[in-house]
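Start from the sequences and build out the full structure, keeping to the hints where you can.
Mapping to the working numbering: the sequence shown position 2 is 2, numbers consecutive.
One thing to keep in mind: the hints can contain errors.
[As the list claims (entries may be wrong)] The calculated DSSO-like cross-link candidates involving lysine-lysine, where the alpha carbons are at most 27 Å apart (straight line), are:
| hint | residue 1 | residue 2 |
| --- | --- | --- |
| 1 | Lys70 | Lys11 |
| 2 | Lys50 | Lys63 |
| 3 | Lys70 | Lys60 |
| 4 | Lys63 | Lys42 |
| 5 | Lys42 | Lys60 |
| 6 | Lys42 | Lys11 |
| 7 | Lys7 | Lys70 |
| 8 | Lys60 | Lys7 |
| 9 | Lys50 | Lys70 |
| 10 | Lys42 | Lys70 |
| 11 | Lys60 | Lys50 |
[As the list claims (entries may be wrong)] If you anchor each label on the Cβ, the simulated ranges turn out as follows:
| hint | residue 1 | residue 2 | range |
| --- | --- | --- | --- |
| 12 | Gly59 | Ala87 | 30 to 40 Å |
| 13 | Ser22 | Gly56 | 16 to 26 Å |
| 14 | Asp15 | Lys60 | 15 to 25 Å |
| 15 | Ser21 | Gly93 | 43 to 53 Å |
| 16 | Gly93 | Leu51 | 25 to 35 Å |
| 17 | Leu91 | Gly59 | 24 to 34 Å |
| 18 | Asn34 | Leu91 | 18 to 28 Å |
| 19 | Leu91 | Lys60 | 18 to 28 Å |
| 20 | Pro37 | Ala71 | 30 to 40 Å |
Hint data in this document are derived by calculation from the structure and do not stem from the laboratory.
Note that the Cβ used here is the ideal one computed from N, Cα and C, for glycine as well.
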Amino acid sequence: MLRGALKRIGKLRNDFAHDLSSRLTRNVVNDLYNALPEFGRKAVEISVSKLHEAIGNSGKSPKYQDLSEKAQFVHIVLNLERICCAACDLLDGAKVDNG
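Structural data, given as structure tokens:
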């Protein structure tokens, strides 16, 4: 479910580590966004409007697709981190029968 997005994050890290001239392009960010499961994409879009409300901005909330590549990437990574933490919490709470 998250494997595709996590692999892309790893590749992006490697690209930057081995080529300091690497750039965060719209295509790279779109590929990462599209690798998220449906609920992950929805979470990213909701987080944009929720952050806008939380910091007290008046006026219309920006849309995810109107953000810069950097801002889109930040929203994706923060939501991916929260999804992974929630999955770990679920696993920690699960009872395992070792028979």
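Unmet hints by their number, sorted upward, for this structure: 8, 13, 14, 17, 19, 20
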